[in-house]
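Turn these sequences into a full structure, and let the hints guide you.
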Amino acid sequence: MKLKLKKLMLLSITTATLLGLTSCKKEPYSTTKTSLASIFEDYNKNNEIKNTVDTIVLNNNQMFVDWSWQKFLWLTSNTEDNVPVFMKELKQVNDFGEEIKIDPLKKKGLPSSYIKDGKLPLILDLYQQADGTKLSSKSNSLVRYSIHANDGILEMFNSDDASSIISQAAEILKNDSLKRSIRESKNQYLVGATEIKIAWIETSQVVDSTKTFNITAIVNQPNKNFYENYNNAELKRMSMIGFHIFTVTAEHPEGVWSTFDQRDLAPDRTSFHGDPVNSKSDKYTLFDGNAVGNTEDGIIQDKTTLTPKVKNKVFQSNPEGVRYNQASQGMEVIKEDKDFATMIKSSNELAKKALTNDKVKIWANYKFVGSIWSKTNAPINELLDGDLSKPYGTGNGQSFGSLNLANITMETTFQKEGMNCFTCHSMNNNLYRTNTSKK
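First residue of the sequence shown: 1, per my numbering; consecutive thereafter.
Derived from the structure by calculation, the hints contain no laboratory data. Mixed in with the good hints there might be a few duds.
In silico DSBU-like cross-links for lysine-lysine, where the CA-CA straight-line distance does not exceed 35 Å [to be verified]:
no., residue 1, residue 2
1, 353, 375
2, 361, 338
3, 390, 91
Restraint-style ranges between C-beta atoms, simulated for each label pair [claimed, not checked]:
no., residue 1, residue 2, range
4, 181, 78, 42 to 52 Å
5, 234, 394, 28 to 38 Å
6, 113, 395, 18 to 28 Å
7, 357, 178, 36 to 46 Å
8, 231, 38, 44 to 54 Å
9, 273, 394, 21 to 31 Å
10, 362, 88, 15 to 25 Å
C-beta: ideal position from N, C-alpha, C; glycine also.
What follows is the structure, given as structure tokens:
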């Protein structure tokens with residue numbers, strides 16, 4: 001594993017290291033103009049969708065659902081260049097937060113024939129999840145990942161403040177007062193700063209490739225020391241199976257975290273008593289109904305192989321990121337989470353019904369898993385002194401939304417009660433993370 005401290009680990013994924021309270025012009029929210037039904041209807045009719053207005057203060061559950069869907073559909077929408085917005089408006093970066101460019105790749109052996117009109121296609125050389133887990137299809141094809149960031153993220157990566165934090169990393173990790181000083185810094189990501197992570201698998205491995213967004217990408221296998229050698233790179237047809245979004249919005253300096261999965265990946269948990277999944281179906285990309293082994297081990301990491309203990313038994317432990325009353329005999333969602341879970345489910349059903357135009361209907365095959373955010377307009381010290389991974393109103397918890405949120409393609413073995421994006425990605429715990437994380 002590389003020992004170089006990764007900017008993405010220290011800065012981008014744990015964004016609030018550099019954040020102060022975001023100050024911006026706040027705009028009113030119109031439920032008439034931006035309701036989810038209208039968003040879907042307009043996109044289906046016009047084949048175009050606008051970006052979210054991130055200066056709007058999101059302050060109720062439905063607004064976060066609407067915002068998440070609009071941001072996802074905009075990022076994946078087609079441009080005049082016939083590439084999705086995330087490939088035109090954002091830049092692909094490596095796991096150090098460095099923009100991926102042509103010349104360095106050519107020096108590493110990338111054939112010139114892969115470069116068309118001076119432009120790089122999608123580069124897929126990342127294959128490990130946040131905790132090091134390697135996920136594969138039923139035919140052992142590795143799930144790959146790409147990371148993309150806009151200028152709002154990259155400008156902070158390349159700032160003097162970022163360089164200073166990187167250079168002081170060893171001392172920061174041991175010095176609580178220095179950590180506090182950095183976290184109270186007035187430097188900040190601008191509203192609209194966006195980073196996404198996308199999970200991909202070979203198109204030949206998905207259950208139905210007519211239900212996935214497919215693209216030709218350069219697929220590379222890093223060597224045993226994790227250094228890229230592009231002499232063995234191949235052009236392959238790849239399918240999008242997971243999509244994770246982070247964006248800074250007005251009065252949410254910790255960002256809004258939203259995630260989407262392709263609908264045919266894996267089943268949902270059905271029980272906390274005995275076998276957690278009762279499905280015997282083989283209709284899933286990451287779940288084989290005939291695979292032998294304890295289903296629970298499908299989302300537990302084998303520390304030796306860095307794969308799930310039982311392959312091809314992936315499942316969603318907490319659909320919609322809800323919390324369950326595990327003492328109950330069934331799958332009883334705690335009352336605090338029911339309303340938001342219902343909104344998420346309704347939004348997914350609405351997408352299936354509304355996105356029917358041939359040019360946009362592919363996105364009806366993706367589902368909104370959930371979203372998490374911190375208390376709106378919370379003073380910076382309140383966020384620092386609180387626990388962003390816990391629900392507001394519980395002890396010093398500061399968060400709302402999907403409190404057990406996980407994307408099964410990116411956090412397969414990270415699915416546990418009380419775990420969510422802010423478990424690792426928040427100002428009050430990030431500097432305790434080590435550089436072994438690729439999150």
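Do the hints match the structure? See the list:
Proximity of residue 353 to residue 375 is assessed by CA-CA distance (about 33 Å); at most 35 Å being required, the pair is judged to hold. Restraint check for residue 361 and residue 338: the C-alpha separation of about 28 Å stays at or below 35 Å, so the hint holds. The straight-line distance between the Cα atoms of residue 390 and residue 91 is roughly 32 Å, inside the 35 Å bound, and the hint therefore holds. Under the hint 42 to 52 Å, the C-beta atoms of residue 181 and residue 78, about 45 Å apart, fit the expected range.
Between residue 234 and residue 394 the C-beta distance comes to about 49 Å, which lies outside the given range of 28 to 38 Å. Range check, residue 113 to residue 395: Cβ separation about 58 Å, and the 18 to 28 Å hint is violated. Distance hint for residue 357 and residue 178: a CB-CB separation of about 54 Å, inconsistent with the stated range 36 to 46 Å. The beta-carbon spacing between residue 231 and residue 38, approximately 50 Å, falls within the hinted interval of 44 to 54 Å.
Here the CB-CB span from residue 273 to residue 394 is close to 25 Å, well matched to the stated 21 to 31 Å. Look at residue 362 against residue 88: about 18 Å separates their beta carbons, and that is inside 15 to 25 Å.
Checked against the numbered hints given earlier, this structure breaks hints 5, 6, 7; the rest are met.
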